[in-house]
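Visitor: Sequence order for the protein chains is B and Y. Count the first sequence with the numbering used here and you get residues 1 to 293, in order. Count the second sequence with the numbering used here and you get residues 1 to 293, in order.
None of these hints come from the bench; they were simulated from the model. Heads up, some of the hints might be wrong.
In the EDC-like style, the derived pairs of lysine to aspartate or glutamate whose C-alpha atoms are separated by at most 16 Å in a straight line are [claimed, not checked]: (1) Y:Lys-99 with B:Glu-142; (2) Y:Lys-183 with Y:Asp-204; (3) Y:Lys-65 with Y:Glu-236; (4) Y:Lys-109 with B:Asp-119; (5) Y:Lys-212 with Y:Asp-146; (6) B:Lys-63 with B:Glu-286; (7) B:Lys-138 with B:Glu-236; (8) B:Lys-63 with B:Asp-77; (9) Y:Lys-109 with B:Glu-115; (10) B:Lys-290 with B:Glu-193; (11) Y:Lys-267 with B:Glu-236; (12) B:Lys-109 with Y:Glu-115; (13) Y:Lys-271 with Y:Glu-192; (14) B:Lys-237 with Y:Asp-126; (15) B:Lys-99 with B:Asp-129; (16) B:Lys-267 with Y:Glu-236; (17) B:Lys-109 with Y:Asp-119; (18) Y:Lys-104 with Y:Glu-51; (19) B:Lys-271 with B:Glu-193; (20) Y:Lys-180 with Y:Asp-157; (21) B:Lys-65 with B:Glu-286; (22) B:Lys-109 with B:Glu-147; (23) B:Lys-99 with Y:Glu-115; (24) Y:Lys-109 with Y:Asp-157; (25) Y:Lys-293 with Y:Glu-192; (26) Y:Lys-182 with Y:Asp-210; (27) Y:Lys-69 with Y:Asp-146.
On a predicted model such as this, the values are computed, not experimentally measured, just so you know.
Number of protein chains: 2
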Amino acid sequence: MKNIISLLFVSVFIFSCSDKKDGKNPLPKIEELSSQDSLLKNQLPDTITGENHSMIMDMILGKPKYQIKSIGILVYDGVNDLDFMGPRYVFGQSGVRPKLIALKPGTFKTVMGVEIVPDVVYDSIDHLDILVIPGGFKGTIETSYDEKLLAWIRMIDKTTIYTSSVCTGGWILGATGLLKGKKASTNWYREEEFLKKYGALPGDERYTKDGKYWTSAGVTAGMDMAIAIINENWGEKYAQGVMLDMEYDPAPPIQGGTPDNTGWLVKWMMKSMYDAGVNPLIDSLEQFKKINK
Amino acid sequence: MKNIISLLFVSVFIFSCSDKKDGKNPLPKIEELSSQDSLLKNQLPDTITGENHSMIMDMILGKPKYQIKSIGILVYDGVNDLDFMGPRYVFGQSGVRPKLIALKPGTFKTVMGVEIVPDVVYDSIDHLDILVIPGGFKGTIETSYDEKLLAWIRMIDKTTIYTSSVCTGGWILGATGLLKGKKASTNWYREEEFLKKYGALPGDERYTKDGKYWTSAGVTAGMDMAIAIINENWGEKYAQGVMLDMEYDPAPPIQGGTPDNTGWLVKWMMKSMYDAGVNPLIDSLEQFKKINK
């Protein structure tokens with residue numbers, strides 16, 4: 001609701017115009033409200049003005065569980081477009097501007113080839129309240145072998161209120177050792193094998209919460225997880241505001257989206273193709289690791 | 001599946017290694033398949049190789065209804081991050097690289113403040129098979145008054161197989177006059193009023209198809225619409241491949257995402273805040289239009 005909050009400040013001088021034009025903007029009649037909202041409504045003034053809007057927002061939305069002051073989302077060449085843009089959008093409504101944290105200066109390219117300007121390079125960041133580690137494909141595997149970055153993630157994790165990963169971002173978070181013994185979710189592709197590799201326990205959920213660690217299944221599950229964190233920290237009304245802004249009432253046109261809901265041949269084709277990219281890359285990186293031990 | 005297809009080319013030399021390592025990658029046993037897939041399986045070779053992979057993909061996925069050679073997504077300062085990145089990701093798997101088409105040279109900033117490098121400026125494009133017009137907030141309203149751009153959209157529309165809009169992108173498409181008398185969907189916010197303004201009929205759907213015109217509800221509905229177009233043009237197996245890649249089996253953590261599913265106070269708060277931004281902007285743009293007639 002970041003843009004909404006800024007709008008509210010704009011409204012300081014705007015409401016006078018819109019008042020003239022549309023008349024007052026009254027609160028709903030008591031009979032239009034749930035009993036809980038009715039109680040709240042009785043404590044609210046009749047109209048939003050420049051003076052009372054933040055008070056009204058606080059009264060409607062309530063206060064967050066933790067005061068979040070910094071949100072960082074890791075980005076790198078080959079990051080999955082929606083793995084980071086989903087949470088970037090959801091957390092962008094928290095009132096804190098999430099930073100896109102890159103591995104190196106300059107733009108980065110998503111797995112789909114979109115070129116984006118990051119906000120900052122990771123080694124200049126030493127604290128985050130929320131860390132999000134998105135996934136991807138080959139670039140994610142390479143990143144999961146970057147020991148300097150893994151050390152930075154461990155350091156940042158000591159400062160976080162929430163540490164999270166999306167999709168195969170769990171392969172990076174897992175490589176830090178932080179998922180050892182924790183329940184976690186990750187992309188459907190060879191899920192069990194990768195969780196085992198990092199000593200994590202299968203969460204078998206769209207997103208899994210284990211203490212401050214939140215991990216999601218593939219790509220679009222990152223949006224569900226981010227909204228769930230908004231719901232947990234900022235409350236249900238805040239999450240409802242974000243979901244209404246996103247008109248997030250999803251309706252996939254056909255059945256699919258999980259291995260169980262997908263035809264065998266398509267599932268087989270997808271796994272074969274992922275294997276073709278993943279296997280030789282992991283082989284060569286493990287080889288390099290051995291040589292440099 | 002663009003990245004998957006590229007993976008397949010990589011696989012030309014890779015499968016030999018992974019064959020050694022994992023043994024052959026056999027097709028499923030007949031009893032694991034649906035009757036329809038069984039028939040198909042009987043015509044397929046037993047393993048994917050560098051030589052037969054594109055044939056196998058064609059046999060599994062089938063041929064598209066129309067050969068799509070160009071996809072363009074309009075972008076501008078203030079475009080909603082997910083309105084364009086959702087379809088950009090989905091259509092990025094079609095085998096055609098969607099172009100982000102900007103209003104002017106240089107980077108653009110999303111409504112959430114992400115800085116992105118577009119592929120091309122619109123006046124250098126004179127043909128598209130698929131045009132996507134994403135929405136946003138204030139930037140979208142301003143764009144819907146850009147007569148030079150509206151003329152370009154009308155010109156491009158003469159060349160398209162699919163013309164589509166996401167969210168308030170319908171306000172831009174509507175401003176071209178192309179939605180007159182057509183059923184359409186747009187963002188929930190003052191939906192009826194804006195459809196009426198552009199002479200469109202309420203589709204009352206998550207996304208609405210009227211001939212070659214596809215229009216979606218707010219933000220995340222653009223993903224459902226893009227997958228539905230993949231399903232329509234590339235077929236159900238292709239759409240299932242895309243949905244599995246996205247692990248698109250959405251599970252919102254709480255009820256919400258539509259005005260009807262949202263508490264009255266939150267709904268009232270959101271609309272009041274949108275009004276505060278929209279009303280004075282439209283007033284001044286209409287004023288300017290009158291003066292310059």
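Visitor: Each hint should be assessed against the structure and marked as holding or not.
Guide: Comparing the hints with the structure gives:
Note on Lys-99 of chain Y and Glu-142 of chain B: the hinted pairing is violated, with a Cα-Cα distance of about 27 Å set against a maximum of 16 Å. In summary, the hint linking Lys-183 of chain Y to Asp-204 of chain Y is supported, as the alpha carbons are separated by about 9 Å, within the 16 Å threshold. The straight-line distance between the Cα atoms of Lys-65 of chain Y and Glu-236 of chain Y is roughly 12 Å, inside the 16 Å bound, and the hint therefore holds. Between the alpha carbons of Lys-109 of chain Y and Asp-119 of chain B the distance comes to roughly 13 Å, so the proposed pair stays at or under 16 Å and holds.
For the hint linking Lys-212 of chain Y to Asp-146 of chain Y, the alpha-carbon distance of about 24 Å lies beyond 16 Å, and the restraint is violated. A threshold of 16 Å between alpha carbons decides the hint, and for Lys-63 of chain B with Glu-286 of chain B the separation of about 47 Å lies outside it, so the pair is violated. Our distance criterion of 16 Å between C-alpha atoms is broken by Lys-138 of chain B and Glu-236 of chain B, whose separation comes to about 37 Å. Distance hint between Lys-63 of chain B and Asp-77 of chain B is unfulfilled; the C-alpha atoms sit about 37 Å from each other, more than 16 Å.
At roughly 13 Å between alpha-carbon atoms, Lys-109 of chain Y and Glu-115 of chain B fall within 16 Å of each other, so this suggested pair holds. Between Lys-290 of chain B and Glu-193 of chain B the alpha-carbon distance is near 21 Å, which puts this suggested pair outside the 16 Å criterion. Between the alpha carbons of Lys-267 of chain Y and Glu-236 of chain B the distance comes to roughly 13 Å, so the proposed pair stays at or under 16 Å and holds. Between Lys-109 of chain B and Glu-115 of chain Y the alpha-carbon distance is near 13 Å, which keeps this suggested pair within the 16 Å criterion.
Between the alpha carbons of Lys-271 of chain Y and Glu-192 of chain Y the distance comes to roughly 14 Å, so the proposed pair stays at or under 16 Å and holds. Simply put, Lys-237 of chain B and Asp-126 of chain Y have alpha-carbon atoms about 46 Å apart, too far for the 16 Å limit, and the pair is violated. Among the hinted pairs, Lys-99 of chain B with Asp-129 of chain B is consistent with the structure: their alpha-carbon atoms are about 12 Å apart, no more than 16 Å. Between Lys-267 of chain B and Glu-236 of chain Y, the direct Cα distance comes to roughly 13 Å. Compliance with the 16 Å bound is thereby established for this hinted pair.
Note on Lys-109 of chain B and Asp-119 of chain Y: the hinted pairing holds, with a Cα-Cα distance of about 13 Å set against a maximum of 16 Å. The suggested pairing of Lys-104 of chain Y with Glu-51 of chain Y is violated, with an alpha-carbon distance near 44 Å, which exceeds 16 Å. Our distance criterion of 16 Å between C-alpha atoms is met by Lys-271 of chain B and Glu-193 of chain B, whose separation comes to about 14 Å. Between Lys-180 of chain Y and Asp-157 of chain Y the CA atoms are separated by roughly 14 Å; this keeps the pair inside 16 Å, and the hint holds.
For the suggested pair Lys-65 of chain B and Glu-286 of chain B, the alpha carbons sit about 42 Å apart, so the restraint of at most 16 Å is broken. Only pairs whose Cα atoms come within 16 Å are accepted, and Lys-109 of chain B paired with Glu-147 of chain B is rejected, the gap being roughly 22 Å. For the given pair, Lys-99 of chain B sits about 12 Å from Glu-115 of chain Y by alpha-carbon distance, which is consistent with the 16 Å threshold. The hinted pair formed by Lys-109 of chain Y and Asp-157 of chain Y fails the criterion: a straight-line CA distance of about 26 Å is larger than 16 Å.
Straight-line distance between C-alpha atoms of Lys-293 of chain Y and Glu-192 of chain Y comes to about 27 Å, which puts the hinted pair past the 16 Å bound. Distance restraint check for Lys-182 of chain Y and Asp-210 of chain Y: the Cα-Cα separation of roughly 6 Å lies within the 16 Å cut-off, and the hinted pair is therefore satisfied. Proximity of Lys-69 of chain Y to Asp-146 of chain Y is assessed by CA-CA distance (about 28 Å); at most 16 Å being required, the pair is judged violated.
In summary, the structure is inconsistent with hints 1, 5, 6, 7, 8, 10, 14, 18, 21, 22, 24, 25, 27 from the numbered list given earlier, while agreeing with the others.
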